[in-house]
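Chemist: One-letter residues, chain by chain:
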Amino acid sequence: MAEWLRRASRKAGQAPGTLIHVGERHEEEVKVSLMDYDADRLEERVLADPAEGSPYRDRDTVTWINVDGLHRVEVIKALGDQYGLHPLALEDVLNTFQRPKVEDYADHLFIVIRMLSYDSVQNDIVDEQVSLVVGPNYVLSFQEREGDVFEGVRERIRGGKGRIRRMGSDYLAYALLDAVVDEYFPILESLGERTEALEQELISEPTSDTLREIYNLKRDLIGLRKSVWPLREVTNRLERGESALIQPETIIFLRDVYDHTIQVIDSVEVHRELVSGMLDTYLSSLSNKMNEVMKVLTIIATIFIPLSFVAGLYGMNFVIMPELQLPWGYPLALGIMAAVAITMLAYFRRRRWL
Amino acid sequence: MAEWLRRASRKAGQAPGTLIHVGERHEEEVKVSLMDYDADRLEERVLADPAEGSPYRDRDTVTWINVDGLHRVEVIKALGDQYGLHPLALEDVLNTFQRPKVEDYADHLFIVIRMLSYDSVQNDIVDEQVSLVVGPNYVLSFQEREGDVFEGVRERIRGGKGRIRRMGSDYLAYALLDAVVDEYFPILESLGERTEALEQELISEPTSDTLREIYNLKRDLIGLRKSVWPLREVTNRLERGESALIQPETIIFLRDVYDHTIQVIDSVEVHRELVSGMLDTYLSSLSNKMNEVMKVLTIIATIFIPLSFVAGLYGMNFVIMPELQLPWGYPLALGIMAAVAITMLAYFRRRRWL
Amino acid sequence: MAEWLRRASRKAGQAPGTLIHVGERHEEEVKVSLMDYDADRLEERVLADPAEGSPYRDRDTVTWINVDGLHRVEVIKALGDQYGLHPLALEDVLNTFQRPKVEDYADHLFIVIRMLSYDSVQNDIVDEQVSLVVGPNYVLSFQEREGDVFEGVRERIRGGKGRIRRMGSDYLAYALLDAVVDEYFPILESLGERTEALEQELISEPTSDTLREIYNLKRDLIGLRKSVWPLREVTNRLERGESALIQPETIIFLRDVYDHTIQVIDSVEVHRELVSGMLDTYLSSLSNKMNEVMKVLTIIATIFIPLSFVAGLYGMNFVIMPELQLPWGYPLALGIMAAVAITMLAYFRRRRWL
Amino acid sequence: MAEWLRRASRKAGQAPGTLIHVGERHEEEVKVSLMDYDADRLEERVLADPAEGSPYRDRDTVTWINVDGLHRVEVIKALGDQYGLHPLALEDVLNTFQRPKVEDYADHLFIVIRMLSYDSVQNDIVDEQVSLVVGPNYVLSFQEREGDVFEGVRERIRGGKGRIRRMGSDYLAYALLDAVVDEYFPILESLGERTEALEQELISEPTSDTLREIYNLKRDLIGLRKSVWPLREVTNRLERGESALIQPETIIFLRDVYDHTIQVIDSVEVHRELVSGMLDTYLSSLSNKMNEVMKVLTIIATIFIPLSFVAGLYGMNFVIMPELQLPWGYPLALGIMAAVAITMLAYFRRRRWL
Amino acid sequence: MAEWLRRASRKAGQAPGTLIHVGERHEEEVKVSLMDYDADRLEERVLADPAEGSPYRDRDTVTWINVDGLHRVEVIKALGDQYGLHPLALEDVLNTFQRPKVEDYADHLFIVIRMLSYDSVQNDIVDEQVSLVVGPNYVLSFQEREGDVFEGVRERIRGGKGRIRRMGSDYLAYALLDAVVDEYFPILESLGERTEALEQELISEPTSDTLREIYNLKRDLIGLRKSVWPLREVTNRLERGESALIQPETIIFLRDVYDHTIQVIDSVEVHRELVSGMLDTYLSSLSNKMNEVMKVLTIIATIFIPLSFVAGLYGMNFVIMPELQLPWGYPLALGIMAAVAITMLAYFRRRRWL
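Protein chains in written order, with numbering that gives the first Met the number 0: chain A, 0 to 353; chain B, 0 to 353; chain C, 0 to 353; chain D, 0 to 353; chain E, 0 to 353.
Hints listed in this document are in silico derivations from the structure and should not be mistaken for laboratory results.
Check before you lean on any hint, since a few could be wrong.
Taking CB as the label site, the calculated pair distances span [claimed, not checked]:
#1 ALA337(D) <-> ILE341(E): 18 to 26 Å
#2 VAL125(C) <-> SER189(A): 48 to 56 Å
#3 ARG165(B) <-> VAL21(E): 54 to 62 Å
#4 GLU195(C) <-> GLU73(E): 45 to 53 Å
#5 ASP118(E) <-> SER207(A): 45 to 53 Å
#6 SER119(B) <-> GLU232(C): 51 to 59 Å
#7 ALA337(C) <-> ALA340(D): 31 to 39 Å
#8 ARG165(B) <-> GLN246(A): 41 to 49 Å
#9 ARG56(D) <-> GLU232(C): 55 to 63 Å
#10 ARG348(C) <-> SER189(A): 53 to 61 Å
#11 GLU195(C) <-> GLU291(B): 21 to 29 Å
Glycine residues also receive a C-beta, built at the ideal position from the N, C-alpha and C atoms.
Can you build the whole structure from these sequences, using the hints too?
Modeler: Here's what the structure looks like:
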């Protein structure tokens, strides 16, 4: 997920509002799909040309146009013109390194959020920008590529389950936000598991892989945090109901999303706190191990070095060394050695090294 | 208490307000009990069916319905319908990984708090969600399992001690909150004892168990903190008396609970500060010990290595080595060795290693 | 001063307002003393029974009733009833583990502060709770034991020095607060001396006692901080003059106390900052020393190990070893050894280890 | 980029408003260039004397006077007098160590920002002060030296691309701000690359160069931060539209600059967080390596030291040493050595050192 | 500069407003000098007795009375009475351990600031309290000793340069504040140089002196910070122009002082951030060096220890050791040793220790 560090990159020196796609180029075709519904009927189709969507604009029904893929700038531009979007908003749709935000353009709200999902194959967090434009009777959603977390919402629209068919575009926007935020929880869970595994490893078996994994975990948390904190401001601003586009009955649902965002932030902060102490624990654990190693070395060396000295002493070749002639010289030397060794061991035991 | 890290997990992709119990499944039967009282009379019973509680709804007396166990969703739903609870509130009751909060639904307050208790058998902190619904003349309380900290409140109602029988449902809610917060103090005390024991161990006898215990203490504090900080907001919002359901004479009591919450937070923060420095102390203490080990090794090695060299020197087998023939060669060699050893010892003493 | 960590402990499950003394039991008798004065006259007596104080209640003079010792609950209760104190306030007087606070009960202010004094015999900070009740013409003060910092105030009342006899109960309350805050300065000074002594020791002579002293200093600072920060809120709230009980001419004096509190906080924070870096300095200093030890070991070992090898080489007993027969074999061996030693020394000098 | 640390330096003891150039002296000539445009026409010239610019002052067209080089104080002063600038503002233009700020002098805005650019030759961040004076129909810009990031803006004015020719001086000021902020992104990108390279090196191959590079990165981030944080206040104040000089239609563009500033700050903070943990990682990585070294030493030493002792033992020259006479004495000694060595190896394997 | 730590000390138990000089006793005579000026005339004299100043009080001219030395309390008191100062303000003048503050006594402002200057002889920061009393047509300034940073202001008054003679007492107060703040910049510069020198030393040549210098730098920064942060509040409050004594045209100058204060704070914070990481860098650098030492030891020891063992082996005196009899036994032994040494060296090279 190191890619978000490079997110800084940006077309420089262009006039503001110049539409250039900045981001990863995903190879698939750009796909524009439409759902148009009210409590009684539902129409669902794929648009070959954005212009096919224009008749839906002025109907009373809720129209949801979803765009997968951003690299065909003309499609985005056509939709933008159709719904009267500000050039700077379109620029933000295309520049996929935005931080989450909400902007109120009187006749529509422009919302940018980050959709995270856990790619269990790559064992990695996949990060994608989702831009929402919420008007009185329409929602436009722009995604970087196909495959999203909105399938549950579509099912609910199709099945007519819950309130969604009876309520307006603001509730649809809420449902999309909610789907994105809900997807953060499994990610947190996987982070939780990694944290726990690391903690085990840290104290019992610290290696340089542990160090690397601490580092990766830290980066993932920093990345997650960068997505979630501004999201809090977004949901908070929506929930305060300042925009006339948000119906009072939707606010309580937005508050629920806000609560979930706070819960995500809480969890991220808890993980950060746990991870932030890990390097110190790692160092402590290593020092502990080094201490063990040193003790072994010290015990062996300090026992045998004096013994070897005694042996060396009587290995000298002086012509006159009286002890060498003594019949009990050899046993005496062994006895001295034993005494030295025992003294040392007693000393170590007293210092609790053994 | 690592479970709260996994608390992130959540049913995803469901319509909001879908009632599914998310949490640990406790095997006991769901138990619904009712206390109905005013200054003069008290009725206490166990309800086989929530419907039995409906006659009490419209009486002037204070009705307290307590539910132990959340896994029978239909019971919760029946009660919710009876008292007109919002589906999102019911969802929060069932999803037991909420952070403490209070929500004002005009005709009732919805309060979520975390009831902690110290399980001295498991030597662990037990964490349970308690949801309160406070209406003009009733309090509903939902707990995850039987066994709670409300026994003192029940006794006071039964005995008619203090103000409780003379006051309304808001005072009952206060009494329940107060009972929950009071239970935090013994937990803090047990944490205090662990902290003190650790501090002793840290400096005198650091082992890898110490490291593990520091880590556990830190986690417990993070968990406690996660419950207590939002509780502060809850009690603060109640104490400000914004809701019409809170009588002025109850506010001073709620302020008292707020004060206690602040005291708990103060203590948690003090503990965190103490624990946060422990890893550094641990490392320092280990380094101190390693220094001792190294000194012993160095002293022994640097004394004997030169001596052994001298011994080795005169163990060489050169045909012509004049010293070997000298009558005083051996004593001279011993003398040199003694001189080297004494010099070394003097050096170490001067450096204060001895 | 570890006692404040245990301060968490509290009677649980009691009805609010139940009066039980929670705190250290001091063996002395409870002593109730009274001073009643105006600009012209002064009466001073010890009350055997709180009831003896009631005639003073309705006089225009300022009445100061001071209670030393809290373990006779009935005395406190009698005074409380006489002056119409709220049960929760009385509970706070008796529960001596409160954090500083001020509460405005319309007809009186209830103030809790912590009186610290330095016990130079025990070399310890003594911490005591002082509760003040400030009414229109009276001040009640409750202390845990005899012996306080108010003697200067009494002298000023007796001597009629300064403004105190000419002003009201609010000025008396100010004078008591001021006396308590003034006493913090000598404590800070003693902490400052300990900090300086530690700093000297840290770099020149780090031992495990240094570690212990760092830890103690840190705890004392945390404890001090826990008393001082809420005191700031207390003095700030008083100084803002929101209560009708505080005369405008007293406010400037309360601002002075507030300034002193800020000064205390500043000093505590400076000390904390200094102490917080000490563990790292300690570790650095230790590492420095270990480095010295390692260098000595390395120098000795790397010089003599090769020499010993050469000696060992010519101590081998092979029948055919031509060097051993050479007349200049022994001097040659010595020469090689000298060369090796000199090379090594040169290497060490180049690396600046010598 | 250590120069910004020295930025503290300042002419002291001068009367306020005394005009002295404080900063690096750049040798090039001071160059004053002018662009005067409206939707229909564009005039572009270099002014030999600032007085040549005065006729443009009262025209309706937008006049942009750009000054490269600040060391000819009289030029600055002449312009200042012409446009009625406050002496303190002129002082700030000349003292090139200002922090970014905006000041509202009713008839003009005075803006100071820092223009950073990445000098890929010197591999260094170049930091320059840009002062803008924004009046109703003019913009003055002052730079320390020639060469800037405004070329794109000039091209857009010349080409008549986008809105710039149709809008007023406030939009021109926006365009200049935007150009400066846009230039921060490539700098962030280069920092990102350095961070990533360091991270690789940190864990696999820590050297003292790594340490130095961590330090440099840290300094660059501190310097960047010092420029960016106050810039946020600047753009935020402009975007709030408090000044009558900012047209409503420009505000949305200023909000865009504000968003970019926030994005830059986000990235700087992420980098700081990553870098702040690097020293700990470095230390951990080093300790890991030292542990490896120690293990090798310990294994070799603890295996051979006992073996050497046995060899030394039977190298002693006692007259009576029965083992020496035994026919199987030598193989026995070898066997004992082998047994010791194998035991040691087994021990190490059990401790997982091998 | 450790003295500021002791600043806590304070006369305790005195009635508020009791005038006692608390601070260092400077031996010089107390000197009271007066400047009285308007746009046209200037009178300058030294007052033998404060009473000589009273005629100037009611003139329209600006009167600046400066007192050097505070140990003659009666002089301060006489001035205080003459200008109607509050006893608490006089107490603050005399108690020279105040934190910077501003207090508004309706008819005059009382300002306390800290004047720092760099004593290049002692290589130390000298810290002195300056109290200003600003009335409608007078400024009183109190300093601890002679010698100050106001000489530039006096010169401007004498020379009639700039605005000073034309403006009122508020501008004079501004000029004094500005002179004090300007003096902070050279101090910052000297700190910057020390920081840079330390950084060089840190990585290349860490010694225990480095550690001591880091510590000193940290203390100096903490001390500086303690003076500067409250100064920010002071200048900010003045600049907001709440006092009627500050003329609107002076406010823009005060804003300039405020900006400089912010710049000083920025620099202090940058230095603190740099210094705060230094201990970690120091430790890392030391570990790096220790690693080098350990590698040398390990290489030498692990090469020669096995060699010495082989030598010892063939130094054994067993009667039957077949190798010893072999004609090529000695060369074979040498060969084995060479092989072992080469293997070891190859191993070290592979691990990149060489």
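Chemist: Each hint: holds or not?
Modeler: Verification of the supplied hints:
1. ALA337(D) <-> ILE341(E): 18 to 26 Å: holds (23 Å)
2. VAL125(C) <-> SER189(A): 48 to 56 Å: holds (52 Å)
3. ARG165(B) <-> VAL21(E): 54 to 62 Å: holds (58 Å)
4. GLU195(C) <-> GLU73(E): 45 to 53 Å: With Cβ atoms ~35 Å apart, the hint is violated.
5. ASP118(E) <-> SER207(A): 45 to 53 Å: holds (50 Å)
6. SER119(B) <-> GLU232(C): 51 to 59 Å: violated (36 Å)
7. ALA337(C) <-> ALA340(D): 31 to 39 Å: Between ALA337(C) and ALA340(D), where Cβ atoms are some 34 Å apart, the hint holds.
8. ARG165(B) <-> GLN246(A): 41 to 49 Å: holds (43 Å)
9. ARG56(D) <-> GLU232(C): 55 to 63 Å: Since ARG56(D) and GLU232(C) have Cβ atoms about 56 Å apart, the given range 55 to 63 Å holds.
10. ARG348(C) <-> SER189(A): 53 to 61 Å: holds (56 Å)
11. GLU195(C) <-> GLU291(B): 21 to 29 Å: About 27 Å separates the Cβ atoms of GLU195(C) and GLU291(B), which means 21 to 29 Å holds.
Hint compliance for this structure: hints 4 and 6 are broken, all remaining hints hold.
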